[in-house]
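4 protein chains.
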Amino acid sequence: MSANDETPAKKSPYPLASRGSKEGRPSEIAVGGFSFGGPRIVVIAGPCAVESPEQIMTIAKIVKGMGATMLRGGAFKPRSSPYSFQGLEGAGLGYLKAAGTENGMPVVSEIMDARHVPIFLEHDVDVLQVGARNMQNFTLLKELGKLKKPILFKRGAGSTVEEWLCAAEYILYGGNPNVILCERGINTFETATRATLDISAVPVLKHATHLPVIVDPSHAAGRPDIIPALAKAAVAVGADGLIMEVHHRPNDAMCDGKQAVLPEDFSILMDALRNVAPAVGRSV
Amino acid sequence: MSANDETPAKKSPYPLASRGSKEGRPSEIAVGGFSFGGPRIVVIAGPCAVESPEQIMTIAKIVKGMGATMLRGGAFKPRSSPYSFQGLEGAGLGYLKAAGTENGMPVVSEIMDARHVPIFLEHDVDVLQVGARNMQNFTLLKELGKLKKPILFKRGAGSTVEEWLCAAEYILYGGNPNVILCERGINTFETATRATLDISAVPVLKHATHLPVIVDPSHAAGRPDIIPALAKAAVAVGADGLIMEVHHRPNDAMCDGKQAVLPEDFSILMDALRNVAPAVGRSV
Amino acid sequence: MSANDETPAKKSPYPLASRGSKEGRPSEIAVGGFSFGGPRIVVIAGPCAVESPEQIMTIAKIVKGMGATMLRGGAFKPRSSPYSFQGLEGAGLGYLKAAGTENGMPVVSEIMDARHVPIFLEHDVDVLQVGARNMQNFTLLKELGKLKKPILFKRGAGSTVEEWLCAAEYILYGGNPNVILCERGINTFETATRATLDISAVPVLKHATHLPVIVDPSHAAGRPDIIPALAKAAVAVGADGLIMEVHHRPNDAMCDGKQAVLPEDFSILMDALRNVAPAVGRSV
Amino acid sequence: MSANDETPAKKSPYPLASRGSKEGRPSEIAVGGFSFGGPRIVVIAGPCAVESPEQIMTIAKIVKGMGATMLRGGAFKPRSSPYSFQGLEGAGLGYLKAAGTENGMPVVSEIMDARHVPIFLEHDVDVLQVGARNMQNFTLLKELGKLKKPILFKRGAGSTVEEWLCAAEYILYGGNPNVILCERGINTFETATRATLDISAVPVLKHATHLPVIVDPSHAAGRPDIIPALAKAAVAVGADGLIMEVHHRPNDAMCDGKQAVLPEDFSILMDALRNVAPAVGRSV
Chain L
1 MSANDETPAK
11 KSPYPLASRG
21 SKEGRPSEIA
31 VGGFSFGGPR
41 IVVIAGPCAV
51 ESPEQIMTIA
61 KIVKGMGATM
71 LRGGAFKPRS
81 SPYSFQGLEG
91 AGLGYLKAAG
101 TENGMPVVSE
111 IMDARHVPIF
121 LEHDVDVLQV
131 GARNMQNFTL
141 LKELGKLKKP
151 ILFKRGAGST
161 VEEWLCAAEY
171 ILYGGNPNVI
181 LCERGINTFE
191 TATRATLDIS
201 AVPVLKHATH
211 LPVIVDPSHA
221 AGRPDIIPAL
231 AKAAVAVGAD
241 GLIMEVHHRP
251 NDAMCDGKQA
261 VLPEDFSILM
271 DALRNVAPAV
281 GRSV
Chain C
1001 MSANDETPAK
1011 KSPYPLASRG
1021 SKEGRPSEIA
1031 VGGFSFGGPR
1041 IVVIAGPCAV
1051 ESPEQIMTIA
1061 KIVKGMGATM
1071 LRGGAFKPRS
1081 SPYSFQGLEG
1091 AGLGYLKAAG
1101 TENGMPVVSE
1111 IMDARHVPIF
1121 LEHDVDVLQV
1131 GARNMQNFTL
1141 LKELGKLKKP
1151 ILFKRGAGST
1161 VEEWLCAAEY
1171 ILYGGNPNVI
1181 LCERGINTFE
1191 TATRATLDIS
1201 AVPVLKHATH
1211 LPVIVDPSHA
1221 AGRPDIIPAL
1231 AKAAVAVGAD
1241 GLIMEVHHRP
1251 NDAMCDGKQA
1261 VLPEDFSILM
1271 DALRNVAPAV
1281 GRSV
Chain Y
2001 MSANDETPAK
2011 KSPYPLASRG
2021 SKEGRPSEIA
2031 VGGFSFGGPR
2041 IVVIAGPCAV
2051 ESPEQIMTIA
2061 KIVKGMGATM
2071 LRGGAFKPRS
2081 SPYSFQGLEG
2091 AGLGYLKAAG
2101 TENGMPVVSE
2111 IMDARHVPIF
2121 LEHDVDVLQV
2131 GARNMQNFTL
2141 LKELGKLKKP
2151 ILFKRGAGST
2161 VEEWLCAAEY
2171 ILYGGNPNVI
2181 LCERGINTFE
2191 TATRATLDIS
2201 AVPVLKHATH
2211 LPVIVDPSHA
2221 AGRPDIIPAL
2231 AKAAVAVGAD
2241 GLIMEVHHRP
2251 NDAMCDGKQA
2261 VLPEDFSILM
2271 DALRNVAPAV
2281 GRSV
Chain E
3001 MSANDETPAK
3011 KSPYPLASRG
3021 SKEGRPSEIA
3031 VGGFSFGGPR
3041 IVVIAGPCAV
3051 ESPEQIMTIA
3061 KIVKGMGATM
3071 LRGGAFKPRS
3081 SPYSFQGLEG
3091 AGLGYLKAAG
3101 TENGMPVVSE
3111 IMDARHVPIF
3121 LEHDVDVLQV
3131 GARNMQNFTL
3141 LKELGKLKKP
3151 ILFKRGAGST
3161 VEEWLCAAEY
3171 ILYGGNPNVI
3181 LCERGINTFE
3191 TATRATLDIS
3201 AVPVLKHATH
3211 LPVIVDPSHA
3221 AGRPDIIPAL
3231 AKAAVAVGAD
3241 GLIMEVHHRP
3251 NDAMCDGKQA
3261 VLPEDFSILM
3271 DALRNVAPAV
3281 GRSV
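One line per chain: the protein sequences are L, C, Y and E, in this order.
Residues 1 to 284 (our numbering) make up the first sequence, in order.
Residues 1001 to 1284 (our numbering) make up the second sequence, in order.
Residues 2001 to 2284 (our numbering) make up the third sequence, in order.
Residues 3001 to 3284 (our numbering) make up the fourth sequence, in order.
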């Protein structure tokens, strides 16, 4: 059993996720007026956490103006410490959605608890994110399998590609075919970066599954100086999208400020992606 | 910030878990007539999953007769694949508790979802286990912080000791002081074992926290032939207890049969532990 | 002390390798008519091992015709098992150099033993490679520090970027400034690939050192199907070159045949690189 | 192909090292009046580096008086940085041997270069150590295969048990059957210790090979406070010996002082081992 497996669907450990189940055709997952897995690279940008209505509206305008496709912002935050800022919860989702609507951007936010599904539906969050720490929270995955909303499904930092696809299978098996995989780095002995971005996972997944795959260079790097280079690599390697943290005042950010990209650097990065994407037959 | 930290409690990232918070004294957590963290090593044994009333009763009698202190058995199973046996759920907890009561053994079983707390309380499960995959399922941890039941808190296979203690802090901060840590192996490049048992984590924790620490050699090894050696090492290194999978018919087991120890080998192992424990000032 | 360090040269653990030592300017290392670290991406291709005069001549013609810049081929092979093919040694170097000369390509081959330096000089091997297993073979590094020949210096699969730069410092400190770093994957828990290509190491190194950096996608992947994607990512992320294994009859290869790219796929890959390189201001 | 393999010797990737090659009997390797692999645990102690005749003589007397069996001390040091103390070389071997002879202790010291074999023979170093960084320095291994001197063969920090046994096979295949394996920790994401001691490797090796296995808790821990606990675990798990760094003035040590055990703690540790060893049928 291996993530490299292209045997017929019924023998795969993840028959619904396997590439064979779609006769080798990749899936496209529509959100707003675009789709994950289509020719256009989806660029999701925004702050780590929604901090206030003004903060998320400001950042939304900035990243929209620079070409981002979707808006991100956490309202329920999975923080390593109970003493860290835990998010604005329902109110945060409201501010996020308002900023997205105002700027014509679908929004994505992380859900940590099956009991919060109604709040996410009430605020019409366009894409629900499962974070790395919940990749094998199977009760959450089963609940998300009952929805039709697209799920942005992050890889666990200690999980293999195979375990990740088996976990995605929980959502598909529950009845929700709209799973977008997101590589965000794995834990290794290297300390120069927060995690080690497993760039190879993208082409490995392109052989193993029909699901779209995006990359989160922000959490992998944990430092802003190398994020542009990683974003370009992700597009070149074949990723269908990017999710990145952008903040106009990173030193005041309530969460992960030190890995946020500044607006001026995000603008330069978007220009760079406009060069790289066509070189691999895509657009931004 | 490091797991090696003995600075005053208020500066620690995990002030309630830190050793300094108890002025250097270890905590004892009472369950039934014994305690975790006392001079006697707690030996928890039983099958991976409760499969039937007869199966759990049979194994309970066997392990009790050989000297095990507590009975384990999963009723809600966190399986990597949605197509694997998911457990007998509430009925399984009932069979487990009946087998424990009949044999004078407190019982432990894994809880995966905050919504299941009432079922665990209804069946009076003595110790609630949080599995490796849920170590950073913070909504679950917050719910468990509201209870007084002891929590057997397994380390995530991709998590550092520091992240583990910060996660334990969620339970303590919620108001439940009864957390028992359980080392069960971390993910590394070595493939001769299912995970790499981080035996050093035990003395590292003894310096960093007042909480009791036990070891699960079964999940670390993933093969029965080396489990007795690892169990002896765990006692010698200073662990307060062991949790091991024992099955009388491992080839028929519905879960993890290939890492289960046979009763005859468990008996030999218990005799061996009766030799090793006194050598480090403990008993079994 | 961290690989992210840009403090003044005298405080760095690797003062000669640090970017500060060159006032922030990158080094260029000339070989034949081109250079590592210049605007043109250096593409090194060839078989894992030199197997015969005909084999290396055939492959040299193929890869030269498709645009490769340099020829690789092992004559002294560091094989995990003593029962595996160990290389043609001095004769192999002769066949390699002849194939390189005939096709106008400088050649690179791995040196495993300080006592072999004269053989490499006798055959005028243009670049000497230090393999991953010898990254901390300090006696070898000290000998190579006495030469002026460029050294292709691979990262150890279990070594951090910081350890790698400290090891490079041995060569520089010995008096040889011509060190080309080569990222080739690190050992992690992921088994879908032979090693995990640490693509982030490239921009991390670009901040930390003035030395050129190339990428070996072949050894990282261990499977040919994802090598083209990784090669494109390497160029996009900012690497100064690539080294790849190409074989016209991989099933008959005496070494690592299963990760060799076929000539027809190498041709397609070169065309793809000709698209990606200009998108990041480079050429192939 | 797996380290768990007990198939007939001729099918093993390491036929001479495999347990099957000795019909399941473990090897004993005699040094001085004792042997590795016999009932008595071999305790090797001494400083990281030989610093002066007085220093090594002082420490030799101390550890001998406390029950150590063999004396360690580095004369050729594989330091991560070229600016670190590189050892006293030949003179250091002389001081080491003199201290060993005076105190009736065989000595072990690390060899980094095949060209140094004559110096080690001249000083009659009893056991030659191959360090972790040279585990796959195959030219060195081939040279050591020509000797009869016992080789203390450390595991590479990034190498699997299987790769380690394949590397040991080089020495055996060369004609030297006297290989003692030494587990010293592997590189993982955990930062509370310098490396992660893979205690499971000991029983894995006991199933896979007839060669003796010892443990180095000093390099695995990188901090003295947990070394006694790890040493007890190593004896309990079935190791045939221990190698530990002891220094009477660790703050003045020229190498690795911060992981050295003080004489008074070493004495307490030896007493503890005298309790644990009989519990597993051994003596110290």
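These aren't lab readings, by the way, just hints derived from the structure by calculation.
The beta-carbon is built from N, C-alpha and C at its ideal position, and this holds for glycine as well.
You may find that some hints are simply not true.
Away from chain C, derived, C-beta distances all over 10 Å, residues of chain E [what the hints assert, rightly or not]: (1) Ser-3084; (2) Gly-3094; (3) Phe-3189; (4) Asp-3198; (5) Lys-3206; (6) Ala-3221; (7) Lys-3232; (8) Ala-3272; (9) Asn-3275.
The list that follows gives simulated cross-link-like pairs (lysine-lysine, DSSO-like), each with its CA atoms no further than 30 Å apart [stated by the list, open to error]: (10) Lys-258/L with Lys-2148/Y; (11) Lys-2011/Y with Lys-258/L; (12) Lys-3022/E with Lys-1258/C; (13) Lys-3258/E with Lys-1022/C; (14) Lys-1011/C with Lys-142/L; (15) Lys-3061/E with Lys-2142/Y; (16) Lys-2146/Y with Lys-3146/E; (17) Lys-1258/C with Lys-1011/C; (18) Lys-2258/Y with Lys-3022/E; (19) Lys-2149/Y with Lys-22/L; (20) Lys-3258/E with Lys-1258/C; (21) Lys-1142/C with Lys-1061/C; (22) Lys-1148/C with Lys-142/L; (23) Lys-2011/Y with Lys-3011/E; (24) Lys-1011/C with Lys-258/L; (25) Lys-11/L with Lys-1148/C; (26) Lys-3146/E with Lys-2142/Y; (27) Lys-1011/C with Lys-149/L; (28) Lys-3011/E with Lys-3022/E; (29) Lys-142/L with Lys-1022/C; (30) Lys-146/L with Lys-1142/C; (31) Lys-142/L with Lys-61/L; (32) Lys-2258/Y with Lys-2064/Y; (33) Lys-1142/C with Lys-148/L; (34) Lys-2022/Y with Lys-11/L; (35) Lys-148/L with Lys-258/L; (36) Lys-2142/Y with Lys-3022/E; (37) Lys-142/L with Lys-1146/C; (38) Lys-3142/E with Lys-2149/Y; (39) Lys-2148/Y with Lys-3142/E; (40) Lys-1061/C with Lys-1146/C.
Results of checking the hints against the structure:
1. For Ser-3084/E, the shortest C-beta to C-beta distance to chain C comes to about 23 Å, beyond the 10 Å cut-off, and the non-interface label holds.
2. The Cβ of Gly-3094/E lies farther than 10 Å from every Cβ of chain C, with a closest approach of about 36 Å, so its non-interface assignment holds.
3. A cut-off of 10 Å between C-beta atoms contradicts the statement that Phe-3189/E is not in contact with chain C; the least separation is 7 Å.
4. Non-interface call for Asp-3198/E relative to chain C: violated, since the shortest CB-CB distance, roughly 6 Å, does not exceed 10 Å.
5. Some Cβ of chain C comes within 10 Å of the Cβ of Lys-3206/E; the nearest lies about 8 Å off, and the non-interface call is violated.
6. Non-interface status of Ala-3221/E relative to chain C is broken: a Cβ of that chain comes within 10 Å, the nearest being about 6 Å off.
7. Annotated as non-interface, Lys-3232/E brings its C-beta within 10 Å of a C-beta of chain C; the closest such distance is 4 Å.
8. The claim that Ala-3272/E lies off the interface is violated: its Cβ sits roughly 8 Å from the closest Cβ of chain C, which falls inside the 10 Å cut-off.
9. The claim that Asn-3275/E lies off the interface is violated: its Cβ sits roughly 4 Å from the closest Cβ of chain C, which falls inside the 10 Å cut-off.
10. Distance hint between Lys-258/L and Lys-2148/Y is unfulfilled; the C-alpha atoms sit about 42 Å from each other, more than 30 Å.
11. The straight-line distance between the Cα atoms of Lys-2011/Y and Lys-258/L is roughly 24 Å, inside the 30 Å bound, and the hint therefore holds.
12. Using a Cα cut-off of 30 Å, the hinted pair Lys-3022/E and Lys-1258/C holds, with the two alpha carbons roughly 28 Å apart.
13. With a C-alpha separation of about 28 Å, the suggested pair Lys-3258/E and Lys-1022/C falls inside the 30 Å cut-off, and the hint holds.
14. Pair hint Lys-1011/C plus Lys-142/L does not hold up; C-alpha atoms about 39 Å apart against a cutoff of 30 Å.
15. A distance of roughly 36 Å separates the Cα atoms of Lys-3061/E and Lys-2142/Y; the hinted pair therefore is violated under the 30 Å criterion.
16. In summary, the hint linking Lys-2146/Y to Lys-3146/E is supported, as the alpha carbons are separated by about 29 Å, within the 30 Å threshold.
17. The suggested pairing of Lys-1258/C with Lys-1011/C is violated, with an alpha-carbon distance near 45 Å, which exceeds 30 Å.
18. For the proposed pair Lys-2258/Y and Lys-3022/E, the alpha carbon gap of about 34 Å is over 30 Å, so the pair is violated.
19. For the proposed pair Lys-2149/Y and Lys-22/L, the alpha carbon gap of about 53 Å is over 30 Å, so the pair is violated.
20. As the CA atoms of Lys-3258/E and Lys-1258/C are separated by approximately 42 Å, the hinted pair breaks the 30 Å bound.
21. As the CA atoms of Lys-1142/C and Lys-1061/C are separated by approximately 35 Å, the hinted pair breaks the 30 Å bound.
22. Only pairs whose Cα atoms come within 30 Å are accepted, and Lys-1148/C paired with Lys-142/L is accepted, the gap being roughly 28 Å.
23. Taking the CA atoms of Lys-2011/Y and Lys-3011/E, the gap is near 53 Å; set against the 30 Å cutoff, the hint is violated.
24. Between Lys-1011/C and Lys-258/L the CA atoms are separated by roughly 21 Å; this keeps the pair inside 30 Å, and the hint holds.
25. Our distance criterion of 30 Å between C-alpha atoms is broken by Lys-11/L and Lys-1148/C, whose separation comes to about 45 Å.
26. A distance of roughly 25 Å separates the Cα atoms of Lys-3146/E and Lys-2142/Y; the hinted pair therefore holds under the 30 Å criterion.
27. Of the pairs offered as hints, the one joining Lys-1011/C and Lys-149/L is violated, with about 43 Å between alpha carbons and a cut-off of 30 Å exceeded.
28. Annotation: proposed proximity of Lys-3011/E to Lys-3022/E holds, straight-line Cα distance about 14 Å (limit 30 Å).
29. A hinted pair counts as satisfied when its Cα atoms are at most 30 Å apart, and Lys-142/L with Lys-1022/C does not qualify at roughly 41 Å.
30. Our distance criterion of 30 Å between C-alpha atoms is met by Lys-146/L and Lys-1142/C, whose separation comes to about 25 Å.
31. Restraint check: the Cα-Cα separation between Lys-142/L and Lys-61/L comes to about 35 Å, which exceeds 30 Å; the hinted pair is violated.
32. The suggested pairing of Lys-2258/Y with Lys-2064/Y holds, with an alpha-carbon distance near 22 Å, which does not exceed 30 Å.
33. The straight-line distance between the Cα atoms of Lys-1142/C and Lys-148/L is roughly 28 Å, inside the 30 Å bound, and the hint therefore holds.
34. Distance restraint check for Lys-2022/Y and Lys-11/L: the Cα-Cα separation of roughly 57 Å exceeds the 30 Å cut-off, and the hinted pair is therefore not satisfied.
35. For the proposed pair Lys-148/L and Lys-258/L, the alpha carbon gap of about 35 Å is over 30 Å, so the pair is violated.
36. Proximity of Lys-2142/Y to Lys-3022/E is assessed by CA-CA distance (about 41 Å); at most 30 Å being required, the pair is judged violated.
37. Proximity of Lys-142/L to Lys-1146/C is assessed by CA-CA distance (about 25 Å); at most 30 Å being required, the pair is judged to hold.
38. Restraint check: the Cα-Cα separation between Lys-3142/E and Lys-2149/Y comes to about 27 Å, which is no more than 30 Å; the hinted pair holds.
39. A distance of roughly 28 Å separates the Cα atoms of Lys-2148/Y and Lys-3142/E; the hinted pair therefore holds under the 30 Å criterion.
40. At most 30 Å may separate the alpha-carbon atoms for a hinted pair to count; Lys-1061/C and Lys-1146/C exceed this at roughly 33 Å.
Hint compliance for this structure: hints 3, 4, 5, 6, 7, 8, 9, 10, 14, 15, 17, 18, 19, 20, 21, 23, 25, 27, 29, 31, 34, 35, 36 and 40 are broken, all remaining hints hold.
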